[in-house]
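Enquirer: The primary structure of each chain is shown beneath.
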Amino acid sequence: MRGESVLYHCGQWGPHHLMLDSIFAISIGAHLGVSNPLLAPIASSQTWDMLALVRDTFKDNCQQSPSLSVMAESIRKLLRTFPDRDNRVADRGMAAQYKSPNTH
Amino acid sequence: MKLQTSAFTRLAGLGENYGNEIIRLEQSTPLHAASTNGVFVLNQPSAMASLQAFSTKIHPWYPILESRFTECISSVWSNSFERSPDTFLVLMVLASGSIAQEVSHAEALDRRPDAMYSNLALDMLQIVVLEQSLRCMQCLVAASIYYYLLLKPLQAHDLAVLAIKKGQQLHINGAFQNDQAGYEHWIRVYRIALLIEGELVIPLNLVDSNAWETEEEIPLPTGTDIWSMENGSDMEETVEGSRSDNIVTYLLAEISMRRILRRNTSAITISIDGTINYAPLIAQELEVQVDKWYSFLPEPLRFSLAPNDFGVDKSPFVSFLRTQYWACMVSFYWPAVVQVMETHALTESTMNGSRAYFHSYNRFINSAIKALKVCLPNKWTIYAR
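Same order as they appear, the protein sequences are chains A and B. In terms of my numbering, the first sequence opens at residue 1080 and continues consecutively. In terms of my numbering, the second sequence opens at residue 123 and continues consecutively.
Here chain A stands alone, though its shape is the one from the complex:
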């Protein structure tokens, strides 16, 4: 991406400029979103289901690649306090219950 490369080499590349186009990057973005108290109520319960799905698919399918294995471990750590589906009460309440490992 020409424009992006220029930004990157000038050292101005920030999280605003990202083209999020992989399960790993997009899910980290979603995790950051649902970890934010302002944004958590906007996310639907489906977002939590999707994050759980991502955690499981990384765990099951990425052992043969060194880079994917590391990413799978990162996803697992990021979502380690992720509440189980059965423990969730409601979307809004769930957001309040959730404690992000990055912010606590």
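Be a bit skeptical, because a hint or two may be false.
Unchecked claim - Simulated restraints, written as ranges between beta carbons of each label pair: (1) Ser1124/A <-> Asn142/B: 35 to 41 Å; (2) Asp413/B <-> Ser1123/A: 20 to 26 Å; (3) Glu337/B <-> Asp1139/A: 34 to 40 Å; (4) Ser1124/A <-> Arg190/B: 51 to 57 Å.
Derived from the structure by calculation, the hints contain no laboratory data. Just so you know, even glycine gets a beta-carbon here, dropped at the ideal spot from N, CA and C.
Assemble chain B onto chain A, guided by the hints.
Expert: Relative to chain A, chain B alone:
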């Protein structure tokens, strides 16, 4: 994503050097050849199954082979796999096909049914690196696809770049001045090398071939002369024609998607003092552009945008294109989420953008999980790019 983008990994709590560490890990992992018993013995039924798997599961994504490739296979078999670019190509196809034919990709990467084929092929690598021909260019792309399938992105990238350079040399030297069929085949192979290189160069922080700078000067591929296992059989010609049409239509859709991705995808404004803000109007404009791309998709590639559409996809191409569509939407609205996190304030504009982000995220993951099952060659990039 750029794996090396420290601003993002820092924001995510992964540390500034996370991307570099991942890339170094890939670079430092030794490329051991899979072990074999040292004797090459062709099991014909197994080889035929591998060819069939390559034809149905790999080649539609990267149609590098010409319609008469089946004759090439027969010739290589009758010549006892003597050292040549043709043999290299057949072996690489068999190696990739042997992985694709396994029920589980993970199991295939453990068992390595490809080892016998790939070890013999790699002994011939210097031939295809040093010779200048369309066949050798094909060989390099086939090897790139093979490493892509092995989840080895660095090797896949390097081989794609070699293929691009070889292709450019052939083009500059006028190798196809009086050979229209050869030129059309070259276009297809060259564009496939570009697609692979374009997928991998950015996330891995690799040296850009700059081939995308002149991409629009290269004609678009046509649907003629594409191999499949059924070529030359009793199958109706119309079925074959339809298959080739679908493949090339997908290629055209993918090329236009890549062109969108290489333009601006960031819905932001930067003020004079350097402050970055979410720009909802730009997000809407970007969405209009991708919706226009969607509107041009022909019926076989068209996917539903309706919520709660959990039906079976019409083809693997649909799963992959839809995944890219929703990845675009996620990216367009990501700056709204970042702005809320940075300013600790929610406005109507950023709330709507964030809502669009989460909606797109849900659709993206639903689609990407489906795509992972049917799009073997792009598995690494769907996960990690």
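Enquirer: All the hints need checking, so say for each whether the structure fits it.
Expert: Status of the hints after comparison with the structure:
At about 36 Å, the CB distance of Ser1124/A to Asn142/B agrees with the hint of 35 to 41 Å. Distance hint check for Asp413/B and Ser1123/A: the Cβ-Cβ separation is about 22 Å, which falls inside the suggested range of 20 to 26 Å. For the hinted restraint 34 to 40 Å between Glu337/B and Asp1139/A, the CB-CB distance of approximately 37 Å keeps it satisfied. Taken as a hint, the range 51 to 57 Å holds for the pair Ser1124/A and Arg190/B, whose Cβ atoms sit roughly 55 Å apart.
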